[in-house]
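Engineer: Now for the letters of each chain:
Number of protein chains: 8
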Amino acid sequence: GDFARIDHHRKLRTGFPEVIWGPGKTPEQIIEIMQTMRQNHPTVMATRIEPEVYEKLSAKIPDLVYYPSARICAITSQTSPPKSQQTITILTAGTADLPVAEEAAITASLCGFPVKRLWDVGVAGVHRLLSNWHLIAEADVLIVVAGMEGALPSVVAGLADCPVVAVPTSVGYGASLNGLAPLLTMLNSCAAGVGVVNIDNGFGAAILACQILRVAQKQQTAP
Amino acid sequence: GDFARIDHHRKLRTGFPEVIWGPGKTPEQIIEIMQTMRQNHPTVMATRIEPEVYEKLSAKIPDLVYYPSARICAITSQTSPPKSQQTITILTAGTADLPVAEEAAITASLCGFPVKRLWDVGVAGVHRLLSNWHLIAEADVLIVVAGMEGALPSVVAGLADCPVVAVPTSVGYGASLNGLAPLLTMLNSCAAGVGVVNIDNGFGAAILACQILRVAQKQQTAP
Amino acid sequence: GDFARIDHHRKLRTGFPEVIWGPGKTPEQIIEIMQTMRQNHPTVMATRIEPEVYEKLSAKIPDLVYYPSARICAITSQTSPPKSQQTITILTAGTADLPVAEEAAITASLCGFPVKRLWDVGVAGVHRLLSNWHLIAEADVLIVVAGMEGALPSVVAGLADCPVVAVPTSVGYGASLNGLAPLLTMLNSCAAGVGVVNIDNGFGAAILACQILRVAQKQQTAP
Amino acid sequence: GDFARIDHHRKLRTGFPEVIWGPGKTPEQIIEIMQTMRQNHPTVMATRIEPEVYEKLSAKIPDLVYYPSARICAITSQTSPPKSQQTITILTAGTADLPVAEEAAITASLCGFPVKRLWDVGVAGVHRLLSNWHLIAEADVLIVVAGMEGALPSVVAGLADCPVVAVPTSVGYGASLNGLAPLLTMLNSCAAGVGVVNIDNGFGAAILACQILRVAQKQQTAP
Amino acid sequence: GDFARIDHHRKLRTGFPEVIWGPGKTPEQIIEIMQTMRQNHPTVMATRIEPEVYEKLSAKIPDLVYYPSARICAITSQTSPPKSQQTITILTAGTADLPVAEEAAITASLCGFPVKRLWDVGVAGVHRLLSNWHLIAEADVLIVVAGMEGALPSVVAGLADCPVVAVPTSVGYGASLNGLAPLLTMLNSCAAGVGVVNIDNGFGAAILACQILRVAQKQQTAP
Amino acid sequence: GDFARIDHHRKLRTGFPEVIWGPGKTPEQIIEIMQTMRQNHPTVMATRIEPEVYEKLSAKIPDLVYYPSARICAITSQTSPPKSQQTITILTAGTADLPVAEEAAITASLCGFPVKRLWDVGVAGVHRLLSNWHLIAEADVLIVVAGMEGALPSVVAGLADCPVVAVPTSVGYGASLNGLAPLLTMLNSCAAGVGVVNIDNGFGAAILACQILRVAQKQQTAP
Amino acid sequence: GDFARIDHHRKLRTGFPEVIWGPGKTPEQIIEIMQTMRQNHPTVMATRIEPEVYEKLSAKIPDLVYYPSARICAITSQTSPPKSQQTITILTAGTADLPVAEEAAITASLCGFPVKRLWDVGVAGVHRLLSNWHLIAEADVLIVVAGMEGALPSVVAGLADCPVVAVPTSVGYGASLNGLAPLLTMLNSCAAGVGVVNIDNGFGAAILACQILRVAQKQQTAP
Amino acid sequence: GDFARIDHHRKLRTGFPEVIWGPGKTPEQIIEIMQTMRQNHPTVMATRIEPEVYEKLSAKIPDLVYYPSARICAITSQTSPPKSQQTITILTAGTADLPVAEEAAITASLCGFPVKRLWDVGVAGVHRLLSNWHLIAEADVLIVVAGMEGALPSVVAGLADCPVVAVPTSVGYGASLNGLAPLLTMLNSCAAGVGVVNIDNGFGAAILACQILRVAQKQQTAP
Ligand SMILES: Nc1ncnc2c1ncn2[C@@H]1O[C@H](COP(=O)(O)O)[C@@H](O)[C@H]1O
Ligand SMILES: Nc1ncnc2c1ncn2[C@@H]1O[C@H](COP(=O)(O)O)[C@@H](O)[C@H]1O
Ligand SMILES: Nc1ncnc2c1ncn2[C@@H]1O[C@H](COP(=O)(O)O)[C@@H](O)[C@H]1O
Ligand SMILES: Nc1ncnc2c1ncn2[C@@H]1O[C@H](COP(=O)(O)O)[C@@H](O)[C@H]1O
Ligand SMILES: [Mg+2]
Ligand SMILES: [Mg+2]
Ligand SMILES: [Mg+2]
Ligand SMILES: [Mg+2]
Ligand SMILES: [Mg+2]
Ligand SMILES: [Mg+2]
Ligand SMILES: [Mg+2]
Ligand SMILES: [Mg+2]
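Taken in sequence, the protein lines are chains Z, U, E, Y, R, P, H and A.
Heads up: the first sequence begins at 215 in my numbering, then just goes up one per residue.
Heads up: the second sequence begins at 215 in my numbering, then just goes up one per residue.
Heads up: the third sequence begins at 215 in my numbering, then just goes up one per residue.
Heads up: the fourth sequence begins at 215 in my numbering, then just goes up one per residue.
Heads up: the fifth sequence begins at 215 in my numbering, then just goes up one per residue.
Heads up: the sixth sequence begins at 215 in my numbering, then just goes up one per residue.
Heads up: the seventh sequence begins at 215 in my numbering, then just goes up one per residue.
Heads up: the eighth sequence begins at 215 in my numbering, then just goes up one per residue.
In silico DSS-like pairs for lysine-lysine, Cα to Cα no more than 30 Å straight-line:
| # | chain 1 | residue 1 | chain 2 | residue 2 |
| --- | --- | --- | --- | --- |
| 1 | P | 432 | P | 225 |
| 2 | A | 225 | Z | 432 |
| 3 | P | 330 | H | 432 |
| 4 | R | 330 | Y | 225 |
| 5 | Z | 225 | A | 432 |
| 6 | A | 225 | A | 330 |
| 7 | E | 330 | U | 432 |
| 8 | H | 330 | P | 432 |
| 9 | Y | 330 | Y | 432 |
| 10 | U | 432 | E | 225 |
| 11 | U | 225 | E | 330 |
| 12 | U | 225 | U | 432 |
Just so you know, these hints were derived from the structure itself, not from any lab.
In this text, all values refer to a predicted model and were calculated from it rather than measured experimentally.
Bound conformation, chain Z alone:
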């Protein structure tokens, strides 16, 4: 259809193919885009897909896989991409941040990167974090997901020997301003080495983390 101009060379240019953002697209549009893309790409994925939308999509795309806690749909070919030697470690401050963290985890997995998960280690009980210090100290790259006051990335970045991708979430109420409060917290981090993405943007965090690990991969394969 005319409604979409698929960016077929994005993988060539940037290392990652275009990913379909679900909201504001009709199921018919998503189906048409997916079917066009699968002709050129081993993996095609769409984010922010609610279960009832998935039902409509899978009626037309039988091999579509759904990851409910991540709200992601994907078509993946048998021959998955070669796995990275390095890992993406993902932390959440609370249980309610899980959907955003899973969006990051599934995105990274579909891009061929191994993921470690550590949920519910927010700063209100800092020992939960400290007793997992080894995970942070050994990490190659960290994604830290937090709502409410969003303080976790600052504490983590002060302990970590690697880049930290900070994801504010809309978890909270009142003065959390739908995620603006943790967003500001993360941008103002006293600890350096933190890159921030949009509120609830688990997808973008994963691509940034993957992109970071690709720097090392390219370095290795360089002559």
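We have chain Z; now place chains U, E, Y, R, P, H and A with the ligands onto it with these hints.
Structural biologist: Then chains U, E, Y, R, P, H and A with the ligands, alone, in the frame of chain Z:
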């Protein structure tokens, strides 16, 4: 003068006398208010007094004392109020938060409460805080002062067995929005037991902390 | 489950056990957390529980008690904690502020502190407040709940001889900005001795008030 | 000059002549406007005039009068307008609100309306207000000026039997957001009968109050 | 019930009885308040009542009258209050502002003041306003209701010889920010003599306008 | 220098050469850019140049012309570009909006378009505008400059038979929020046919108006 | 009805008839306005009409046409207005911006102007835009529609030799703030020649673009 | 002094030593911190140092080096750290963004990473960027600095095969809101792989970029 209607009974009602807020008052007005108040109160204090204003005030009030890092002026009688057995412990995240913390410390001292100070223990190096855990664990009431991301009160409240008064500061730049960012952080604290005051309001934090210790004092003296 | 890392030592560290925040958790997650926690704590509570969620929880936890106006669920053992000698006095400005005030009242009760309630004494008819002056003058600690312009805590703090915990509510419309207006009012209070919590955060206000009364309790039991 | 298109008929249409707003005009422009206006109007006034600007104006307009605390300049003819039988009562919450209140008071006086002043009766010591209840109960129209939390107009409107014009001021710091906080407070007043004007707009408050008293004057002179 | 502390003397103090604000109250609470109030007041009214709430109320209060476009319910005794000789003229900028304008009109009528209505005279076709200039020129007091850019009160106040009460509405989208844009417009009006109330607050505008006309009434009946 | 990468083909692409934005550049940088650009362009201009900066520039560029009320500097060759047959009509609401309007006027003139000016016709005295209706009715394109409530473009667009470019200014105080209030007003205009530019952006308004007139010019010269 | 004061001469004054804005009007009101307007205007249109509202309208107005993706209803006479020789070129950044772009496209068509559409050429794959450079270079006037970061109008305006009308959309989440982020982006465009309209305001963008092309039409028909 | 608690192990934990943030510290405090730190670290640096502060510092620390365009001071030992094989490529949108970009460049250099600079390639003339495509395509990690609309990082990230660190600057005026507008633009980037830091935070961007390159370095040296 007609410009001020001094609240002579505030100490009777609330336990603490009125304190003069300097900004927006002429030196002449401050002098007149101080001289009227000293007739009824052993201690008279004014906050947010810049050095050049102090010069003008002390020309007319020779026994006026100035605390430069706290920007407070005070007249104190010899017979100071009986000291509390309990202490106010004040923490800052960074060095630049010091003026606000000193405003709290001097206010509390002038109200007759002992103060312990612990500066520059922000979350970017959380071991600085943890190596002072005993100070937090033993505290009667805590005042925690932080700018930038303002994450310190959350971490402290998760460790402390007492009320935490959180003071955001305007230290920072850009997305700190002159202190709005740490203010929001503190209001959204996942750790409970935190009461927040206005940006840079060291004075208000001290009065709240003193008011908290007075609850215990009244309890003791009750029959 | 992996989704939650319960902070079993929070009561040891801070005097109060972890409390489950309902939003963003599935009923299954809440049930699992509650059942794990009850093994270690005499009282287990969850806030922001809508009636239909309670129905699902009580099917699995038969002894779960629901406080509908407070939207709180709790499991409480027979042997309740020893009652405090001091009381938490809770005021609201209007009738619509009641759910937030009840969240505070039930939380405080479940923590073992007696509560006095005074509803609908907002500043538009200040005599309603003044005719209850004795309640304010005698209070040990006050929680003041108000939406719309949120002026009540300022007036109360000018009359009270004890700490005031101010809770803005999202009651109002238009320029109340979902509670930001009363939040700002309370932070700018001319009367000192006011600690502010997040919009609609009755729970946090109660824990702060309880923490304040514990200062006195500890003082008493100290040698 | 072409730079100003004086609205000579405004007095005919609205009852009050145009008033010159000083900021953003050069002294030469203000002088030219004043000299043109005085040919048609017995009183010509300019607001927001700093002392150094007044010096320049008075060099060219020798009979110009300056009201420093109100920052107003005026040319007034001998034959002043007939005085109203009704009075405008002006209250401030604090001493620092005085310049805004004086802008209102001088504007009203120059428009021929008598003014009563009551300064520094803010809600932190509500007895200061209550002990002046008779002034409020007898008022024809009230202007209430307040910064910081801006709670005074709500309390006054709950006591007053007449319209209340509320003026927020930029007095305060931090979360007062340069007067936005008291502005929101006043707009959200639970007490009805309150009309709000811009931050620091003493001039606009006075014209509204005068316009209100003119309703009664017109009623009287109607056949 | 304890949930409401009715302000029975408000009419004595301020000239108008308390009015029940519907949102956040259960139908049972509203019924109980109405039945208590009707024992002391000839007219009892409640605002922001949706049709389905009215159904529940009228089942218990058979003589309750509903004004659907104003979303107001009222009990009125036969002996209505004496009518004012002066009139409140209400203007709207567009058709969609009608519910707010009707809230003002019905409130004023129930308070005993005659109302003139002029709808849909916004500034995009300024001749619609100018061809009704006589209505503005003859008005005793004006209520001007506008959403979107909210420019109408400025234009009207430049033409009117009486006070203007400006009511911003939440009509609009995008950059109207739910009524904040017209609210700011009205507060910044270059034309003086404008008092602003909260977004969509037709009720408050009416009480202010009535209060203004009472100044003239009191003047007349004064000896 | 490396600090600037001059866009020499912008005139070819867009019809107008690059214009130097003064703030944040050192005088030395501006001089170097101007001297490079003059080799390719008959007219070189810089905006937001304060008088003291102009002094430094003219020491090195003797033929530099300064337009003080517009704060623009320009080098113009003798052979000015062919004049347009159509005119840009510029209106301001107040006198204080003049610098922004002059920035627009001088920019348009330097681009070869004739300008008509009409200052101080704001909506508080709408007859000032209506008595110039013919100017609006005959206009080819209008630039309307207004601060404070920013209502003028709406009224003008309801009268005009041509595109309206709206420029909000930072003239005002308090709730004008440094020009955000008139910006929002203009974006919410009920009258269609209005394009808005940044606060105080007289330059951008002029380029848009010139670009609009070029559409007609191109049409004429097309075969 | 009294609820609407139709601006029958708007077409005479401004070139375009009044268009009905659907939200906040009852179907009955819209029907009455449409039937009154059709007596004077060959084309009558209403925007923001949801399908279920259209059902109700078409029951009374059988010849009403509905454009679902644009959410526009229109009555059009057989004799359509003479077509313009110049074209409006409309671009979107993404697929989800389509409804706003169609609102613009249908409005322009109904006003008699030909439209070219180019969807999904956002800056994340800038080659999609560059490979359509000829469309931009040849355009008479451009409407550029974008949500999320809203960067497309800046890039386009740097390439285009004609006016650019920029339309921010509410497409996005989190820090897009319902369209405020792309609105700010467009207002701050470094490329000049951009006029911005309200968020999601495809209608307003079309009228501005049509108004721009009319300048050229008038020029041609001038003697 | 007690005012600072230097985090001597930060380099061990995070790979980079603590860096002194200049604002809010007295020159005496900075000198004392620098002299303490130099005992343990080969390089000691301070950011946001104005020239007059540098004068005071260098009087006590003769070997202090100043980088004026970056506003950085540093003490560096002869034996500089081993150079990375990979490079940090830094781009700016305009000339005025240079100080922030230089803060990043000097920080990275002092940390031992080579830097490539490309200034003034903003999107208003996108060919300036495209003609440097090879620099982007070959980059290991990119820092993209932009004020005003801040669109450059989106365009770059759509072309780059590596992580992009986006730095908004406070360059701009009006609706740029001191850098909030480009900050929001960058957070909403449609192109993935972008990590955002605080407004004007060149330092933080550099540390994040260095941290990213260290991932590759660690990978290489791993067995
Ligand atoms: N202090 C003030 N605050 C608000 N408006 C004012 C003030 N002083 C004068 N004005 C109004 O500002 C307008 C004058 O604007 P200008 O044409 O720029 O002089 C007049 O309509 C006055 O009614
Ligand atoms: N529509 C309304 N908008 C604003 N205030 C109202 C409205 N209706 C009633 N009120 C006021 O709200 C207060 C009642 O609050 P409550 O105690 O919650 O019923 C009274 O003081 C009324 O004057
Ligand atoms: N989608 C739209 N967005 C903005 N304005 C519109 C829209 N549709 C119609 N209008 C304008 O809204 C005004 C109608 O407002 P109303 O009197 O409430 O019908 C007319 O002046 C139209 O020019
Ligand atoms: N220009 C800068 N912007 C942001 N953070 C900085 C900057 N310079 C130093 N820092 C960080 O600020 C912290 C020091 O804060 P302080 O204790 O107040 O000196 C350190 O953790 C640095 O990593
Ligand atoms: Mg948890
Ligand atoms: Mg430090
Ligand atoms: Mg009530
Ligand atoms: Mg005072
Ligand atoms: Mg209409
Ligand atoms: Mg003027
Ligand atoms: Mg797309
Ligand atoms: Mg440049």
